[in-house]
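Student: Below are the chains, spelled out letter by letter.
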Amino acid sequence: MSQSDDPYENLTITTGAVVEPNTSRVNKTGSWRQFKPVIDIDACIACGQCDTYCPDQAAKPVEGEDYYGFDLDYCKGCGICEEVCPTDAIEMIREVK
Amino acid sequence: MSSDRQDQDFTDEVEHGEELWNPGHRACAGCGPALAMKYITEAAGPNTIVTNATGCMEVVSTPFPESSWGTSYIHNIFENAASVAAGVEAAYQSFDRRDPDHLDVSDEDDLNIIAIGGDGATADIGFRALSGMMERGHDVTYVMYDNEAYMNTGVQRSSQTPLGASTTTSPAGTESIGNDTNKKDMASIAADHGVEYVATASISNPHDFKQKVEKALEIDGPKFLHVYSPCPVGWSYESSKTVELAELAVETGLFPVFEMENGEITSVNKISDRKPVREWLETQGRFKHLFDGEEGEETIEALQEWIDGRAEDLGLDA
Ligand SMILES: Cc1ncc(C[n+]2csc(CCOP(=O)(O)OP(=O)(O)O)c2C)c(N)n1
Ligand code: SF4
Ligand code: SF4
Ligand SMILES: [Mg+2]
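Each protein sequence line maps, in turn, to chains L and A.
All residue numbers for the first sequence refer to numbering that gives the first Met the number 0, where the first residue is 0 and numbers rise by one.
All residue numbers for the second sequence refer to numbering that gives the first Met the number 0, where the first residue is 0 and numbers rise by one.
In isolation and in its complexed conformation, chain A is listed as follows (with noise of 0.2 Å):
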């Protein structure tokens, strides 16, 4: 019996699809990244063009001459994922000016412009970058993964980063809890740009995540989607449990998902029994030093306090 269950083999029987996000690239075993860059090119399909700032996702996807892309694809360099999003954009409105009966972007059906980055990428390093697109107006959607620090280059805290994480820039120790800001909050910073839709979403709710990507690029103008995406190697956990942890995240409302237009909370995805923040923390090693003494103690209930305070600001609470 277990030498047939260690002779099972059906790679020749499969049924692959059209898949627009292909197998062969180079992520870790479990990267939650990866899932996301799936659900996106799933939601908009081949006629989109992915600009994609340096990081996990860009360097595991194109290492020359490979690409795991089936839709255009550009690799601009680290800051500057949401000017090329523009720059692509501008050029299609040029061409539609010079001959209306070219391509209309502004079509939903015509084309997509997507812009994707890490945390870094996104909410620090290329921020100028984004700021400008959003504040310009492009017809853009902007898609941030995060995973909570800068992977790619070995572990660095990034203004996503949580309370206590242990990182390479941000090392627990004798001296030190570990990473001491909280989250930068990027959806309230994108609605007061005056972007229309912005929206977060978990790799734990494919279904949601995608509803939101196509409800983005069926508007015009600029779109933020914000989507938690968990990271086996940088947050010291076993590449199995990805999906279960983005939705402990959620279900403690560390990550809370919801819906901003115009600058209002227009939906909320609501939590009956939120589950205490020390739940998740324990399922990772990033957060190990947190359990043994009174500061880490007290890291955790500041941690939960921050928390809480976003989820009655929200409404997050069934």
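With the rest of the complex left out, here is chain L (with noise of 0.2 Å):
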């Protein structure tokens, strides 16, 4: 939630309906979710599959470390992520909220 500012303050309907770029962010999909990824960091060797393969941008490098980690903002817990990971680092479990 850093590229951009809240779409729905001061909202005014413009000539055409423009809007802001990246303003998508404000919607927090990770309410959606029902199972969650977890990761086994011992088992990631940080080869990105998952971030690449995510459809929500959801799965990136945590910062000054070695493995990925989920933004669980928006994780929709498709699963993507534990398909294609190759060393089987992560696992799919039932999100309990």
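If a hint is listed, it holds; no wrong ones were tucked in.
Restraint-style ranges between C-beta atoms, simulated for each label pair:
no. : chain 1 : residue 1 : chain 2 : residue 2 : range
1   : L       : Tyr7      : A       : Glu14     : 22 to 28 Å
2   : A       : Gln92     : L       : Val17     : 21 to 27 Å
3   : A       : Glu14     : L       : Ala42     : 18 to 24 Å
Worth flagging that the hints you see were computed from the coordinates, not collected in a lab.
Predicted model, so just to flag it, every value in this text is computed and none were measured.
In this text, a Cβ means the ideal position worked out from N, Cα and C, and glycines have one as well.
Two chains, two separate frames, one set of hints: put the complex together.
Tutor: Below, the structure is given as structure tokens:
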């Protein structure tokens, strides 16, 4: 949620209904999730396959570390990352909310 | 241990880049077309104007007042992504004539104009607009993302729906085996318009797809790309299998990956030990009915024959 401001503030409809870029970040799709990916950080080789194939930009490198983690604000729990991980470092577990 | 895993949360520690296809979009979990949008924006970069036909990718990315796009973006009506892109391009050409120091549209570094449409918007309902844009020679890269039906309105068949698929307008039942046509060959149709660069790609190979987008953007004039993008909802399979099923469609030859330049096939991603299409059909609910009865069996054979014929024409087998 760094690239955008809240588009719902001072909402007006302009001619052509022009909106600002990158603003869907206010919509936290993580609330859709039923299963959540968890990573075994020892098994992760930081190849980035999960990042490459995540439709929701939710599998990303963890700052300063040599493994990947998940942005649970946006992860929808589709399970693609678990399927494409070459070392089986990712597992989908039922999320208890 | 298991509660540790329940608590695992790196949300505040992960590094996002300057993504031009932003999270928060409302595509279903595991959406193949959403991956295609991600790869298009990664390949094209920020200096890009996208025109996008109504369909899933428009609906999920731009509910007012939000946008998932970091590029310039115009939502146009269902049938005219190609016309709007052509208009944008013509406008820039005109600016350029009036002021030659203005941004030059024909300079590959300056501006990318990309029209994006689903299979329905492109191969069916926006076909005339696409044909006109290609025939007039606009400097536009058209990308058709193919999820093999009109998904946004509830899975109606299109001319890209494969033989035997059950959709809401080709429902399988006692009187019907599902969709009774093979996929329309959009690559050849585009090439026959004199389009210099035409290519097919699959979301299962983003490197290949992105290279093709980059190559297209460097060429002047119209370009046409067809990208295979599975839809878990319309095809009825587990959301985690999107990449795998896109790959299997390539490995069975149902979706051949190739390039055409000036009307000739110039590269084909060859397949060794092409798998029978049956293996791909079995993975999806929309083909379930093909596996209980003689008519289904005949349909599978007919589809296999069609694939074999195309494979032969393209020189697909390694
Ligand atoms: C002229 C017109 N006809 C019908 C519609 C309704 N409509 C909106 S999206 C859509 C389906 C789009 O299918 P496709 O282009 O394959 O994209 P997808 O939804 O599968 O991503 C339809 C029929 C419309 N908006 N305009
Ligand atoms: S489960 Fe799906 S949405 Fe979540 S991080 Fe993995 S690929 Fe992305
Ligand atoms: S219906 Fe299919 S194509 Fe449309 S958003 Fe959902 S998964 Fe994507
Ligand atoms: Mg479609």
